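If you read the protein sequences in the order shown, they are chains V and W.
Reminder that position 113 of the first sequence reads as 113 in full-length UniProt numbering, one-by-one numbering, no gaps.
Reminder that position 89 of the second sequence reads as 89 in full-length UniProt numbering, one-by-one numbering, no gaps.
You can take every hint at face value.
Derived DSS-like pairs (lysine-lysine); straight-line CA-CA distance at most 27 Å:
#: 1; chain 1: V; residue 1: K230; chain 2: W; residue 2: K2
#: 2; chain 1: W; residue 1: K273; chain 2: V; residue 2: K2
#: 3; chain 1: W; residue 1: K241; chain 2: W; residue 2: K176
#: 4; chain 1: V; residue 1: K176; chain 2: V; residue 2: K126
#: 5; chain 1: W; residue 1: K176; chain 2: W; residue 2: K97
#: 6; chain 1: V; residue 1: K126; chain 2: V; residue 2: K97
#: 7; chain 1: W; residue 1: K230; chain 2: W; residue 2: K273
#: 8; chain 1: W; residue 1: K2; chain 2: V; residue 2: K2
#: 9; chain 1: V; residue 1: K241; chain 2: V; residue 2: K230
#: 10; chain 1: V; residue 1: K273; chain 2: V; residue 2: K241
#: 11; chain 1: W; residue 1: K97; chain 2: W; residue 2: K126
#: 12; chain 1: V; residue 1: K273; chain 2: V; residue 2: K230
#: 13; chain 1: W; residue 1: K2; chain 2: V; residue 2: K273
#: 14; chain 1: W; residue 1: K230; chain 2: V; residue 2: K2
#: 15; chain 1: V; residue 1: K176; chain 2: V; residue 2: K97
Label pairs and their calculated CB-CB ranges:
#: 16; chain 1: V; residue 1: K273; chain 2: W; residue 2: A122; range: 36 to 42 Å
#: 17; chain 1: V; residue 1: K273; chain 2: W; residue 2: E121; range: 37 to 43 Å
#: 18; chain 1: V; residue 1: D278; chain 2: W; residue 2: R39; range: 18 to 24 Å
#: 19; chain 1: W; residue 1: E9; chain 2: V; residue 2: V138; range: 33 to 39 Å
#: 20; chain 1: V; residue 1: P8; chain 2: W; residue 2: E207; range: 16 to 22 Å
#: 21; chain 1: V; residue 1: E309; chain 2: W; residue 2: S204; range: 52 to 58 Å
#: 22; chain 1: W; residue 1: N107; chain 2: V; residue 2: T163; range: 53 to 59 Å
Residues from chain V that face chain W, not an exhaustive set, calculated with beta carbons under 7 Å:
#: 23; residue: I4
#: 24; residue: L188
#: 25; residue: E229
#: 26; residue: E263
#: 27; residue: T282
#: 28; residue: V284
#: 29; residue: T321
Just so you know, the hints here were simulated from the structure itself, not pulled from any lab data.
Keep in mind that this is a model prediction, so the values were computed, not measured.
Ideal Cβ positions, reconstructed from N, Cα and C, are used throughout, including at glycine.
Protein chains: 2
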Amino acid sequence: MKKIMNDPENIVSAFLDGLVAANNTLIQRLEGTDVIARRSLTSQKVGLVSGGGSGHEPAHAGYVGEGMLDAAVAGEVFTSPGADQFFAAIQAADQGKGVLLLIKNYNGDVMNGEMAQEMAEAEGVKTEMVIINDDVAVNDPEQRRGIAGTVLVQKITGAFAETGASLPDVKRVAEKAVSRIRSMSVALKPCTLPAVAQPSFDLSEDEMEVGIGIHGERGMERRDVATSEKTAQLLLEPILKEIPSEAPLAIMINGMGGTSLMEQHVFANDVMKQLDRDIQHTFVGDYMTSLDMAGVSLTLLALDEELSECLEAPARTVQWTQG
Amino acid sequence: MKKIMNDPENIVSAFLDGLVAANNTLIQRLEGTDVIARRSLTSQKVGLVSGGGSGHEPAHAGYVGEGMLDAAVAGEVFTSPGADQFFAAIQAADQGKGVLLLIKNYNGDVMNGEMAQEMAEAEGVKTEMVIINDDVAVNDPEQRRGIAGTVLVQKITGAFAETGASLPDVKRVAEKAVSRIRSMSVALKPCTLPAVAQPSFDLSEDEMEVGIGIHGERGMERRDVATSEKTAQLLLEPILKEIPSEAPLAIMINGMGGTSLMEQHVFANDVMKQLDRDIQHTFVGDYMTSLDMAGVSLTLLALDEELSECLEAPARTVQWTQG
Numbered sequence: 001m002k003k004i005m006n007d008p009e010n011i012v013s014a015f016l017d018g019l020v021a022a023n024n025t026l027i028q029r030l031e032g033t034d035v036i037a038r039r040s041l042t043s044q045k046v047g048l049v050s051g052g053g054s055g056h057e058p059a060h061a062g063y064v065g066e067g068m069l070d071a072a073v074a075g076e077v078f079t080s081p082g083a084d085q086f087f088a089a090i091q092a093a094d095q096g097k098g099v100l101l102l103i104k105n106y107n108g109d110v111m112n113g114e115m116a117q118e119m120a121e122a123e124g125v126k127t128e129m130v131i132i133n134d135d136v137a138v139n140d141p142e143q144r145r146g147i148a149g150t151v152l153v154q155k156i157t158g159a160f161a162e163t164g165a166s167l168p169d170v171k172r173v174a175e176k177a178v179s180r181i182r183s184m185s186v187a188l189k190p191c192t193l194p195a196v197a198q199p200s201f202d203l204s205e206d207e208m209e210v211g212i213g214i215h216g217e218r219g220m221e222r223r224d225v226a227t228s229e230k231t232a233q234l235l236l237e238p239i240l241k242e243i244p245s246e247a248p249l250a251i252m253i254n255g256m257g258g259t260s261l262m263e264q265h266v267f268a269n270d271v272m273k274q275l276d277r278d279i280q281h282t283f284v285g286d287y288m289t290s291l292d293m294a295g296v297s298l299t300l301l302a303l304d305e306e307l308s309e310c311l312e313a314p315a316r317t318v319q320w321t322q323g
Numbered sequence: 001m002k003k004i005m006n007d008p009e010n011i012v013s014a015f016l017d018g019l020v021a022a023n024n025t026l027i028q029r030l031e032g033t034d035v036i037a038r039r040s041l042t043s044q045k046v047g048l049v050s051g052g053g054s055g056h057e058p059a060h061a062g063y064v065g066e067g068m069l070d071a072a073v074a075g076e077v078f079t080s081p082g083a084d085q086f087f088a089a090i091q092a093a094d095q096g097k098g099v100l101l102l103i104k105n106y107n108g109d110v111m112n113g114e115m116a117q118e119m120a121e122a123e124g125v126k127t128e129m130v131i132i133n134d135d136v137a138v139n140d141p142e143q144r145r146g147i148a149g150t151v152l153v154q155k156i157t158g159a160f161a162e163t164g165a166s167l168p169d170v171k172r173v174a175e176k177a178v179s180r181i182r183s184m185s186v187a188l189k190p191c192t193l194p195a196v197a198q199p200s201f202d203l204s205e206d207e208m209e210v211g212i213g214i215h216g217e218r219g220m221e222r223r224d225v226a227t228s229e230k231t232a233q234l235l236l237e238p239i240l241k242e243i244p245s246e247a248p249l250a251i252m253i254n255g256m257g258g259t260s261l262m263e264q265h266v267f268a269n270d271v272m273k274q275l276d277r278d279i280q281h282t283f284v285g286d287y288m289t290s291l292d293m294a295g296v297s298l299t300l301l302a303l304d305e306e307l308s309e310c311l312e313a314p315a316r317t318v319q320w321t322q323g
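Chain V with its partners taken away, still in its complex shape (with noise of 0.2 Å):
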């Protein structure tokens, strides 16, 4: 195992730094947190905050800015951060109107988020959570994790929020485009921690994990690698059971972190052959990754016109910029 990076302990300080360094007219990291704030908060809104463990790079930092996140909490790798750190993250969220937590459908963010948020109704800011689970390999829908459809849901959301409209409707664009959106992913090759020097788990050269989630844990199930074409075949047949058949889509190709570009545009080439569908927007690369982890998740979203125009609005992030 070998990483570019000093103490491995010491790793998502030491990346936060680097991000704030690079952009550093764009964003902040508030003292003693590993929260990253806009540096400038330009207009009364409701306030968004996302976060979570780290080891999904760019999210969530890197959608930090006009049009999407106020602020993102970065826990350790595959950590949930702390109730505090979440509370410090809504502090400077906060712009009078509320605040909204995005927040990724994983227990220890859940419970760190509604502590959080606790802290944060005892100082007078009203706060809302939605919650993602965007992942279709999970059967149960309140078990379903929380994978690449997230960045839709903040892209979305951050551009609502910007109308100026209130902290209820602001939920309500949230949850709206939650219950419109699925993903489900597969990995070639598994991802490998920091501080850990064994790979998440083994996969052997001729075979692939179906139904991973962002975290290092195993699939679902098990199978020989296909090609692109087939398993394009694979992830978009669950998903496109829960999709309303008439709605045009919004598309995500994500690469987990060690996939390169050809490959991913490959993939899409496919998924876009297979789906007999009006596809409006089709964003592919790394947006919510799983460290080095090789292999892709696909997210389909069923646009109607609010959202639509949500996606389309500007955006001024590190890692998501437009209009």
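Once you have looked at the hints, place chain W on chain V.
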């Protein structure tokens, strides 16, 4: 060796189709070629063409668009495109003011580019070529390879061409950028070609390869794996020797395809801490890769006012959007 692909012999073509399908308002593939061109040329300006072997994505097709390239030619993986492909790109980029080719310093690319120039001149299209050779790992400047610094040269030259400047003037700015830019790379893991089951070289778990190129070739030196801090020092030293000591800098930390953004930012942090200079722009990410190689390159560009303005100008391409 596992990759997300179908027929490895067809991987470049499938990649180009996926890239265009995902970005069809911005770019098009010229029929019967591996050339990606802007969908619309809106102003009369010098045409800008780049290209070379594939495997370096998002270079070069990801940089076709407003403010950067007018057309990019994709060869097979790590293989120069033929002269006829470069010629097709020149024809597509020509808007009546001549065409500049930005070519990385590899024999095949230079030779095929020159042949394409002759074909174009025979058709009455004025052309020039600027050769990029930013890699200080090679001592002899004549033999120096073009690596990630190429992307900054494309950004700068593309912005300057948008001003409507003449071909000699656009060439002058490209040459100035080339004269003030230097890079060097290190690999922790080799890459694997799609059609070959073996890594391009072997590296043990405690070694790194210093001074690698972007085609899976061996580096200049093999060393024990070092910390990010020491690796930054190792790459900075030879680069700084050739960079004017007073000029403000733009720096690029480029991932080689299989390196997580977390590691890239850790490395960026160490580079910036060791550089006691005025750093005006820092770019961190996968700009010019070598398939799934793990490693980074470091690029320093000595700015002047003209180069700064070009770097800050708007760009709208698949992979570089600003302003």
